[in-house]
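Residue numbers (the working numbering), protein chains in the order written: chain F, 1 to 326; chain P, 1 to 326.
Some clues are possibly wrong.
Claimed, not checked - Beta-carbon label-pair distances, calculated as ranges:
#1 P/G141 / F/T37: 16 to 22 Å
#2 F/D308 / P/R53: 51 to 57 Å
#3 P/L171 / F/D180: 53 to 59 Å
#4 F/G173 / P/G39: 55 to 61 Å
#5 P/L314 / F/T37: 48 to 54 Å
#6 P/R53 / F/Q13: 21 to 27 Å
#7 F/N115 / P/A113: 37 to 43 Å
#8 P/P140 / F/Q207: 28 to 34 Å
#9 F/P274 / P/G208: 50 to 56 Å
#10 P/L316 / F/P93: 27 to 33 Å
To be verified - Derived DSSO-like pairs (lysine-lysine); straight-line CA-CA distance at most 30 Å:
#11 F/K9 / P/K229
#12 F/K229 / P/K9
#13 P/K63 / P/K9
#14 F/K9 / F/K63
To be verified - Chain F side only, calculated, beta carbon under 10 Å to chain P, not exhaustive:
#15 F5
#16 C31
#17 S45
#18 S46
#19 M48
#20 L76
#21 G120
#22 D122
#23 T124
#24 F135
#25 H226
Hints were generated in silico from the structure; no laboratory data involved. Quick reminder that beta carbons are idealized off the backbone N, C-alpha and C, glycines included.
Number of protein chains: 2
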Amino acid sequence: MLSEFDLIKEYFQRPRHAAAPPVALGIGDDCALLAPTPGMQTAISSDMLVEGRHFFAGADALKLGHKSLAVNLSDLAAMGARPVGFTLALALPAAERDWLQGFSQGLFALADAFNIELIGGDTTRGPLNICITVFGEVAPGRALRRGAALAGDDIWISGTLGDARLALADLRGELAQPLDAASQRSAAARLHTPVPRVELGMLLAGQGIAHAAIDISDGLIGDLGHILKLSHVGATLDVDALPAGDILATRDTALRRAYSAAGGDDYELCFTAPASAREAVLALAGSVATPVTRVGRIEAQAGLRLVDAGGAPLELQLAGFDHFTS
Amino acid sequence: MLSEFDLIKEYFQRPRHAAAPPVALGIGDDCALLAPTPGMQTAISSDMLVEGRHFFAGADALKLGHKSLAVNLSDLAAMGARPVGFTLALALPAAERDWLQGFSQGLFALADAFNIELIGGDTTRGPLNICITVFGEVAPGRALRRGAALAGDDIWISGTLGDARLALADLRGELAQPLDAASQRSAAARLHTPVPRVELGMLLAGQGIAHAAIDISDGLIGDLGHILKLSHVGATLDVDALPAGDILATRDTALRRAYSAAGGDDYELCFTAPASAREAVLALAGSVATPVTRVGRIEAQAGLRLVDAGGAPLELQLAGFDHFTS
Chain F
1 MLSEFDLIKE YFQRPRHAAA PPVALGIGDD CALLAPTPGM QTAISSDMLV
51 EGRHFFAGAD ALKLGHKSLA VNLSDLAAMG ARPVGFTLAL ALPAAERDWL
101 QGFSQGLFAL ADAFNIELIG GDTTRGPLNI CITVFGEVAP GRALRRGAAL
151 AGDDIWISGT LGDARLALAD LRGELAQPLD AASQRSAAAR LHTPVPRVEL
201 GMLLAGQGIA HAAIDISDGL IGDLGHILKL SHVGATLDVD ALPAGDILAT
251 RDTALRRAYS AAGGDDYELC FTAPASAREA VLALAGSVAT PVTRVGRIEA
301 QAGLRLVDAG GAPLELQLAG FDHFTS
Chain P
1 MLSEFDLIKE YFQRPRHAAA PPVALGIGDD CALLAPTPGM QTAISSDMLV
51 EGRHFFAGAD ALKLGHKSLA VNLSDLAAMG ARPVGFTLAL ALPAAERDWL
101 QGFSQGLFAL ADAFNIELIG GDTTRGPLNI CITVFGEVAP GRALRRGAAL
151 AGDDIWISGT LGDARLALAD LRGELAQPLD AASQRSAAAR LHTPVPRVEL
201 GMLLAGQGIA HAAIDISDGL IGDLGHILKL SHVGATLDVD ALPAGDILAT
251 RDTALRRAYS AAGGDDYELC FTAPASAREA VLALAGSVAT PVTRVGRIEA
301 QAGLRLVDAG GAPLELQLAG FDHFTS
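Just chain F, with the same shape it has in the complex (with noise of 0.2 Å):
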């Protein structure tokens, strides 16, 4: 029987990675130690993924270890931080040898993309339950704050919103119209592999063209209001300008608006920056090769309001997701 020591030995423990500046000790010790590079803050975010409730039972372990590590990356990306390194502490019913070598490539290969790795973290037996804690480096007064966007910053979107719903709203069943294969596929990658916008919020903030930044993964209304409540300001937002996903934009208007302004699961970046920015904004966006859609405008005056392409007010019943009431 696979012991705990050799899980992560034979798993994930990967010698000549692990110590690479700015990570001075990796797996194997009491702690891991890291070495900041001088004059950097560390940020740092803390993810938890629970079986049935993030992820269905018997969910495809390379994919699970993806997500995993990409929704603690998003969070990097919204503070527009560079990623360093992370821990991992995981509860498993048993150690299964496929399981654990589907999730620790699937991990590895958004780990290696990233160019970061993992410097320790614990594993026990237990309800499958998936801890992930990441470290990033960002130079002081530079990181993207939630409490920062202004009165007249436009409101930005990274990539598109809505198709990661739309596939868990089909695997569920709650679809009048099911999605047909090819659709299912495209949208269900939405949902499954993310890709966090780590290079767009290193830009953002690394320049100082954003204002304030959100990770989209409760849905847009909700995280937007996040950066409302803190900011002490309001916001209109065009719900007909938002960026659909591909599948999404092919359904009709009432889904693609409910999944687009209240999907969950985007993993894009909802930032505010000056009007005065806008043409470097679409610039550095492109640079890095992300499409970037101007969706609203912070006011002073507290609310979120909703508007259609003509800007008529638009009454949505939608709310952000919430683990404890939902």
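Position chain P against the provided structure of chain F, taking the given hints into account.
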């Protein structure tokens, strides 16, 4: 019903504490920010506690709050790092106010004792699971590494061993002679509210007196084994010299030997130091009122040799705890 955001705000967010150096930004954004003390390394450790595995279902929430942080601080102690902050990811079956009140009280009482703050994390619904990642600071080259033991070093143990295991055995009804009420209370305190040896670890590292160290969480023999393996050395351990806990010391020799050598949940430090440093070790430990006991010696010959008080070889059928094979 208590929402995720209300839950965090009500039980875990303490604004006036959240941004003392080196914490530049606490709870409430996409990431927390640390501003590392110039020239210092960041020590990081992550532990996951699962109901039914690390604690009984229905365990006292206040003690659980204490222990969840204590086991992480113990890892910092074993590295000799000064604690600076921690993140908490928490999966809960339901948002129960009584439980949250107790858990956060136990957690913050210990955090306050070490003047550290909760800087971020995650909450979700799911089978009870507590994942804490802790951060500390240590000067480059000073961290107490598992692989740094040298032949000729003394082996030292802080405090006493085995009472936590004794309490567990009693709770499980494994003892032929159960504990009386007073003994139960005393031993249970060692099991449920361990006190991490942070000051001792910091002094041992800061003054450069110790070579290797580890915290004893899975039983001394198993944990010392990690030092031996990574240091490429062996050792002779005087099992009868092991400092048994107050209650364990009153039991028979076989139980005393077994639980002090391979009990688990002790959260004491096992460290090695050159024989020339004996007086310095005793003086340093005395300065933080932490008893330390010399229990053996590191040797060039591989393997761990257990002996009794007379120096005769002892055969104990013992092994460190493993989450996937036990």
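Cut-off 10 Å, beta-carbon criterion: hint that F/F5 touches chain P: Check passed: Cβ of F/F5 comes within 7 Å of chain P, closer than 10 Å.
Holds or violated: are the alpha carbons of F/K9 and F/K63 at most 30 Å from each other? holds, 22 Å
Hint validation: F/T124 versus chain P, beta carbon distance must be below 10 Å. Holds or violated? holds, 5 Å
Residue hint F/F135, partner chain P, criterion CB-CB below 10 Å: holds, 7 Å
Can the suggested window of 53 to 59 Å be confirmed for the beta-carbon pair P/L171 and F/D180? This hint holds: roughly 57 Å between Cβ atoms.
Should the interface hint for F/L76 be scored as holding, given a Cβ-Cβ cut-off of 10 Å against chain P? holds, 6 Å
Between P/L316 and F/P93, does the C-beta distance stay in 27 to 33 Å? Between P/L316 and F/P93, where Cβ atoms are some 32 Å apart, the hint holds.
Can the suggested window of 16 to 22 Å be confirmed for the beta-carbon pair P/G141 and F/T37? holds, 18 Å
Could you tell me whether the CB distance from P/L314 to F/T37 stays inside 48 to 54 Å? Distance hint for P/L314, F/T37 holds at roughly 51 Å.
Residue hint F/D122, partner chain P, criterion CB-CB below 10 Å: holds, 5 Å
Is the hinted pair F/K229 and P/K9 satisfied, with a Cα-Cα distance of at most 30 Å? holds, 14 Å
With respect to the beta-carbon atoms only, verify the hint that F/N115 and P/A113 lie 37 to 43 Å apart. holds, 39 Å
In the structure shown, no violation is registered for any of the earlier numbered hints.
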